[in-house]
Amino acid sequence: GQSLEQPSEVTAVEGAIVQINCTYQTSGFYGLSWYQQHDGGAPTFLSYNALDGLEETGRFSSFLSRSDSYGYLLLQELQMKDSASYFCALPGRDDKIIFGKGTRLHILP
Amino acid sequence: DAGVTQSPTHLIKTRGQQVTLRCSPKSGHDTVSWYQQALGQGPQFIFQYYEEEERQRGNFPDRFSGHQFPNYSSELNVNALLLGDSALYLCASSLAGPQETQYFGPGTRLLVL
Chain A
17 GQSLEQPSEV TAVEGAIVQI NCTYQTSGFY GLSWYQQHDG GAPTFLSYNA
67 LDGLEETGRF SSFLSRSDSY GYLLLQELQM KDSASYFCAL PGRDDKIIFG
117 KGTRLHILP
Chain B
2 DAGVTQSPTH LIKTRGQQVT LRCSPKSGHD TVSWYQQALG QGPQFIFQYY
52 EEEERQRGNF PDRFSGHQFP NYSSELNVNA LLLGDSALYL CASSLAGPQE
102 TQYFGPGTRL LVL
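In the order they appear, the protein sequences are chains A and B.
Numbering of the first sequence is given in our numbering, commencing with residue 17 and proceeding in unit increments.
Numbering of the second sequence is given in our numbering, commencing with residue 2 and proceeding in unit increments.
Quick caveat, the hints were computed from the structure, so don't treat them as lab data.
Hints are supplied without guarantee of correctness; some may be wrong.
[Claimed, not checked] Pair ranges (Cβ atoms, derived):
1. A:33 - B:64: 44 to 50 Å
2. B:112 - A:31: 37 to 43 Å
3. A:69 - B:64: 39 to 45 Å
4. A:95 - B:68: 39 to 45 Å
5. A:74 - B:31: 28 to 34 Å
6. B:21 - A:30: 40 to 46 Å
7. B:18 - A:45: 38 to 44 Å
8. B:8 - A:39: 26 to 32 Å
[To be verified] Calculated lysine-lysine pairs in the DSS-like style (CA-CA distance at most 30 Å, straight line):
9. B:27 - B:14
10. A:112 - B:14
11. B:14 - A:117
12. A:97 - A:112
Ideal placement from N, C-alpha and C gives every residue a C-beta, glycine not left out.
Using the sequences provided together with the hints, build the complete structure.
Dropping the structure here:
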């Protein structure tokens, strides 16, 4: 089967940097994705890593280590609007996505 | 360009009733996936439709069924509703093919009393 583990909550200060970790188990690996979901909103795609290393998109970066079955999402220069839930996810070979339970990010002013 | 749309936005039903949720995919997309998201949890895959056929199914009972129409829109039907079916139901559309980005709609929040 497939499973993902991520912290349930993380708290950080506005303007700071925060890292949300994710470990996974899967028999077939097709990459690791990250989604953001604001309260009452739809999940929106943030990033996708298929190969080891760091992918940077503006203030957000995502890292993958396939040998450790581990990845993280790094958010820099935190803004209050970044308060949301963040999900790591395993996309399948044929579009089925398995999501983690999500990490709720609280940002303090 | 309209994104993924879902209707209704909210719905209240009682146990034993049946419900139909609707989804229109993003323009140009031909694949629709449905997810159930319980409060405080991640979305769970229900099933996926492509070319009007169910292509994949998650671990959900037969009470959950669906349909895709020639215009790629889709319906999710749930029969014999249980209290535990209360959740946010998300529709996501994409192009067919591996690792294509899925775009989610705003969801339908279903409350079963």
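Going down the list of hints, with the structure as the test:
Between residue 33 (chain A) and residue 64 (chain B) the beta carbons are some 45 Å apart, a value that agrees with the proposed interval 44 to 50 Å. Taking 37 to 43 Å as the suggested C-beta distance range, the pair residue 112 (chain B) and residue 31 (chain A) conforms, at roughly 39 Å. At roughly 44 Å, the beta-carbon separation of residue 69 (chain A) and residue 64 (chain B) lies within the given 39 to 45 Å, and the hint holds. Evaluation of the 39 to 45 Å hint for residue 95 (chain A) and residue 68 (chain B) yields a pass: the beta carbon distance comes to about 42 Å.
Checked against the hint of 28 to 34 Å, the C-beta distance between residue 74 (chain A) and residue 31 (chain B) comes to roughly 30 Å, which is consistent with it. Between residue 21 (chain B) and residue 30 (chain A), the C-beta spacing of about 43 Å keeps the proposed range 40 to 46 Å intact. Checked against the hint of 38 to 44 Å, the pair residue 18 (chain B) and residue 45 (chain A) passes, with Cβ atoms roughly 41 Å apart. Restraint check, residue 8 (chain B) to residue 39 (chain A): a C-beta distance of roughly 38 Å breaks the suggested window 26 to 32 Å.
For a cut-off of 30 Å, the pair hint linking residue 27 (chain B) to residue 14 (chain B) stands: about 28 Å separates their Cα positions. Proposed proximity of residue 112 (chain A) and residue 14 (chain B) is supported: the alpha carbons are some 28 Å apart, at most 30 Å. Distance hint between residue 14 (chain B) and residue 117 (chain A) is fulfilled; the C-alpha atoms sit about 26 Å from each other, no more than 30 Å. Straight-line distance between C-alpha atoms of residue 97 (chain A) and residue 112 (chain A) comes to about 29 Å, which keeps the hinted pair within the 30 Å bound.
Violation of the numbered hints given earlier is confined to hint 8; every other hint is satisfied by the structure.
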